[in-house]
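Listed here are the chains, written in short residue letters.
Protein chains: 2
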Amino acid sequence: MLRFALLVIVLIVPQQGAVQPSQTGAGNAVAEGPNYTANGELKMPERYREWIFLTSGVDMSYSPNAAMAGHSMFDNVFVNPSAHRAFLETGTWPDKTTLVLEIRGSEGASSINKRGHTQSPEIMGLEVHVKDAKLEGGWGFYEFDGPKSAKVIKRPAGCYECHEGHAAVDTTFVQFYPTLLGLAKSKGTLSAAYLKEMGAAAGSK
Amino acid sequence: MLRFALLVIVLIVPQQGAVQPSQTGAGNAVAEGPNYTANGELKMPERYREWIFLTSGVDMSYSPNAAMAGHSMFDNVFVNPSAHRAFLETGTWPDKTTLVLEIRGSEGASSINKRGHTQSPEIMGLEVHVKDAKLEGGWGFYEFDGPKSAKVIKRPAGCYECHEGHAAVDTTFVQFYPTLLGLAKSKGTLSAAYLKEMGAAAGSK
Numbered sequence: 022m023l024r025f026a027l028l029v030i031v032l033i034v035p036q037q038g039a040v041q042p043s044q045t046g047a048g049n050a051v052a053e054g055p056n057y058t059a060n061g062e063l064k065m066p067e068r069y070r071e072w073i074f075l076t077s078g079v080d081m082s083y084s085p086n087a088a089m090a091g092h093s094m095f096d097n098v099f100v101n102p103s104a105h106r107a108f109l110e111t112g113t114w115p116d117k118t119t120l121v122l123e124i125r126g127s128e129g130a131s132s133i134n135k136r137g138h139t140q141s142p143e144i145m146g147l148e149v150h151v152k153d154a155k156l157e158g159g160w161g162f163y164e165f166d167g168p169k170s171a172k173v174i175k176r177p178a179g180c181y182e183c184h185e186g187h188a189a190v191d192t193t194f195v196q197f198y199p200t201l202l203g204l205a206k207s208k209g210t211l212s213a214a215y216l217k218e219m220g221a222a223a224g225s226k
Numbered sequence: 022m023l024r025f026a027l028l029v030i031v032l033i034v035p036q037q038g039a040v041q042p043s044q045t046g047a048g049n050a051v052a053e054g055p056n057y058t059a060n061g062e063l064k065m066p067e068r069y070r071e072w073i074f075l076t077s078g079v080d081m082s083y084s085p086n087a088a089m090a091g092h093s094m095f096d097n098v099f100v101n102p103s104a105h106r107a108f109l110e111t112g113t114w115p116d117k118t119t120l121v122l123e124i125r126g127s128e129g130a131s132s133i134n135k136r137g138h139t140q141s142p143e144i145m146g147l148e149v150h151v152k153d154a155k156l157e158g159g160w161g162f163y164e165f166d167g168p169k170s171a172k173v174i175k176r177p178a179g180c181y182e183c184h185e186g187h188a189a190v191d192t193t194f195v196q197f198y199p200t201l202l203g204l205a206k207s208k209g210t211l212s213a214a215y216l217k218e219m220g221a222a223a224g225s226k
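From first to last, the protein sequence lines are chains G and X.
Quick note: the first sequence uses this note's numbering, first residue 22, plus one each step.
Quick note: the second sequence uses this note's numbering, first residue 22, plus one each step.
You can take every hint at face value.
Intra- or inter-copy, both count: the list cannot distinguish identical chains.
DSBU-like mimics (lysine-lysine), calculated; alpha carbons at most 30 Å apart, straight line:
hint, residue 1, residue 2
1, 169, 208
2, 169, 206
3, 117, 172
4, 64, 117
5, 117, 217
Calculated from the structure, these hints are not laboratory results.
Taking the hints into account, I'd like the entire structure generated from these sequences.
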């Protein structure tokens, strides 16, 4: 019986060692990747703000929303922690990678900040990019404007065309992720499209 | 003996349940808080990019470095996960809270981005703000410009004066952390200095 109890310890401990949502704040293994509703819609990853931050841009023009809105906005990008760890090892994304683009309002002078821009509490948009082998092309885009779940954006669509034609790694804009670009270079995972674009840009200087 | 073994389970499991560095990527419990060298210098938290992202600002004027450099920069702010969890519960920071300000270069048009600004791989500065009861005033600032450890900035200094005179919560600029400001309001932890400043700003409109 004691041996069984010890066996139980061995069996329990690795499970306890799995990601602890309440302690890491990063969601558990199930919550981390894409979760779908019964009818195949993607559920909004609720705790993406506790994921890994990749970058923040301001007033970038490749987002159709930002261009249309006509006022200043920030784009914050987050990725689920296990996909980030895989990228650090391989220079590319594993299946089930989930990237969240949070579009947030930008404020000018406020409180002690007298110039430049800071982020406001107002979220202007949420877009999610999921790598899932069951999707056509291996990746899907989803846009959330209020609802808790969203249908995949069907091809053809500008988002797929733009990411596939210009993104540095596996249809993702790693050229704007400052901690990952050098890693992708060293791992040799930069896309042919991106290398061609960079080569053309260098040649024109 | 079996009872003892079960007691061991109970004692072991909570420890195994502590943050798992290899699984969360967020550092372990020891690495999370401030770590000091034998001579009392603060060690740079090496994995702060896996901590909780609070905000990113661009070209803000309250950073003396940004004002002096004269070109565009982003300020990214991260906090250790356990301090973030405590803030979500209490609206303020626990002892050993560690906030990292990463100052990063800003690029204009590059690759497919035709306007606005994106973050560059170049880190222009790293500043750390630590809550530690053993420090005068309960908080210390540290500036890292290359070395792996830094001495606390001695009082009096502009950083202390500015944070104590204007910061929304416990000498930290929660007014610029979009996910935390509303929480601090609802918990009643906004500083008297900040409330007075906001009241004066509203009154002058």
